[in-house]
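So the sequences go chain by chain: S and Y. 1 is the number of the first residue of the first sequence in this note's numbering; add one for each residue after it. 1 is the number of the first residue of the second sequence in this note's numbering; add one for each residue after it.
Keep in mind that the hints are not guaranteed to be accurate.
[Claimed, not checked] Using C-beta positions, here's what the derived DEER-type ranges look like:
| id | chain 1 | residue 1 | chain 2 | residue 2 | range |
| --- | --- | --- | --- | --- | --- |
| 1 | Y | P75 | S | T98 | 33 to 41 Å |
| 2 | Y | F10 | S | K71 | 35 to 43 Å |
| 3 | S | T69 | Y | L79 | 43 to 51 Å |
| 4 | S | T69 | Y | S80 | 23 to 31 Å |
| 5 | S | K71 | Y | E59 | 18 to 26 Å |
| 6 | S | H7 | Y | E59 | 17 to 25 Å |
[Claimed, not checked] Simulated crosslink set (DSSO-like; lysine-lysine; CA at most 30 Å straight-line):
| id | chain 1 | residue 1 | chain 2 | residue 2 |
| --- | --- | --- | --- | --- |
| 7 | Y | K14 | S | K42 |
| 8 | S | K110 | S | K57 |
| 9 | S | K71 | S | K22 |
| 10 | S | K22 | S | K100 |
| 11 | S | K42 | S | K57 |
| 12 | Y | K9 | S | K110 |
| 13 | S | K100 | S | K68 |
| 14 | S | K37 | S | K71 |
| 15 | S | K42 | S | K100 |
| 16 | S | K42 | S | K22 |
| 17 | Y | K9 | S | K100 |
| 18 | S | K37 | S | K68 |
| 19 | S | K100 | S | K37 |
| 20 | Y | K9 | S | K37 |
| 21 | Y | K9 | S | K42 |
For the record, the hints were derived by calculation from the structure and aren't laboratory data. Glycine included, every Cβ here is placed at the ideal spot set by N, Cα and C.
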Amino acid sequence: GENVEQHPSTLSVQEGDSAVIKCTYSDSASNYFPWYKQELGKRPQLIIDIRSNVGEKKDQRIAVTLNKTAKHFSLHITETQPEDSAVYFCAASRLGGTYKYIFGTGTRLKVLA
Amino acid sequence: NAGVTQTPKFQVLKTGQSMTLQCAQDMNHEYMSWYRQDPGMGLRLIHYSVGAGITDQGEVPNGYNVSRSTTEDFPLRLLSAAPSQTSVYFCASRITGRSETQYFGPGTRLLVL
Chain S
1 GENVEQHPST LSVQEGDSAV IKCTYSDSAS NYFPWYKQEL GKRPQLIIDI
51 RSNVGEKKDQ RIAVTLNKTA KHFSLHITET QPEDSAVYFC AASRLGGTYK
101 YIFGTGTRLK VLA
Chain Y
1 NAGVTQTPKF QVLKTGQSMT LQCAQDMNHE YMSWYRQDPG MGLRLIHYSV
51 GAGITDQGEV PNGYNVSRST TEDFPLRLLS AAPSQTSVYF CASRITGRSE
101 TQYFGPGTRL LVL
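Work the whole structure out from these sequences, hints included.
Structure follows, in structure tokens:
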């Protein structure tokens with residue numbers, strides 16, 4: 001079946017450094033790739049998403065890149081801050097219908113002050 | 001809008017007991033789903049619904065039942081609780097065919113003894 005692999009499972013960076021989380025998907029028909037942030041004890045919340053018709057999307061310190069040929073996409077966080085510490089989930093899905101989200105297993109990011 | 005709401009926030013059950021986790025949304029979303037979250041395993045889909053009267057199984061449906069009699073409500077029933085069902089349960093909803101943003105409820109933490 002379809003799956004999404006996410007790496008690394010944990011990531012520690014110094015405040016101000018960049019963090020990169022990578023995901024690989026198996027379903028070549030996937031065309032929608034959201035990223036969720038989950039703070040401790042809270043619900044997952046969407047932070048950025050990308051559709052397969054673009055290769056990169058930015059929102060302030062956060063960016064997502066997509067390589068359709070290799071079937072992988074990445075989350076980039078620049079100038080990390082302590083409040084970026086959380087678990088991040090990637091997912092893959094298809095637009096315009098009732099297709100399920102397939103989530104990665106999550107990355108715990110720790111930003112060290 | 002209250003968004004996606006879940007009750008209870010926390011529940012302790014004994015093995016063999018039954019209970020219903022409630023989920024409601026006031027955004028008129030067609031698509032609703034239930035996930036369980038366990039350490040290191042990400043968000044795994046239990047059941048989902050694409051509209052009132054329509055439900056389908058996700059990747060881990062055993063031991064759980066759902067129904068969708070209205071657009072707003074999507075309860076999850078545990079028929080005979082087992083310790084393996086100890087987890088955090090999240091309900092989520094989204095509009096299909098337009099914005100693909102999936103909104104999560106605050107979660108229910110379930111402990112089965």
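Right, here's what the structure says about each hint:
1. Y:P75 with S:T98: 33 to 41 Å: Violated, at about 20 Å.
2. Y:F10 with S:K71: 35 to 43 Å: Distance hint for F10 (chain Y), K71 (chain S) holds at roughly 39 Å.
3. S:T69 with Y:L79: 43 to 51 Å: Holds: the Cβ-Cβ distance is about 46 Å, inside 43 to 51 Å.
4. S:T69 with Y:S80: 23 to 31 Å: Since the Cβ atoms of T69 (chain S) and S80 (chain Y) sit about 48 Å apart, the hinted range of 23 to 31 Å is violated.
5. S:K71 with Y:E59: 18 to 26 Å: For K71 (chain S) and E59 (chain Y) the Cβ distance comes to about 20 Å; the hint holds.
6. S:H7 with Y:E59: 17 to 25 Å: holds, 21 Å
7. Y:K14 with S:K42: holds, 26 Å
8. S:K110 with S:K57: holds, 23 Å
9. S:K71 with S:K22: Measuring from Cα to Cα gives roughly 11 Å; hence the hint holds.
10. S:K22 with S:K100: Since the Cα atoms of K22 (chain S) and K100 (chain S) sit roughly 20 Å apart, the hinted pair holds (cutoff 30 Å).
11. S:K42 with S:K57: Roughly 26 Å separates the two Cα atoms, so the pair holds.
12. Y:K9 with S:K110: holds, 27 Å
13. S:K100 with S:K68: holds, 19 Å
14. S:K37 with S:K71: holds, 22 Å
15. S:K42 with S:K100: The hint holds at about 22 Å.
16. S:K42 with S:K22: holds, 23 Å
17. Y:K9 with S:K100: holds, 25 Å
18. S:K37 with S:K68: It holds: about 23 Å lies between the C-alpha atoms, which stays within 30 Å.
19. S:K100 with S:K37: holds, 19 Å
20. Y:K9 with S:K37: holds, 20 Å
21. Y:K9 with S:K42: With Cα atoms ~11 Å apart, K9 (chain Y) and K42 (chain S) stay inside 30 Å; holds.
Violation of the numbered hints given earlier is confined to hints 1, 4; the remaining hints are satisfied by the structure.
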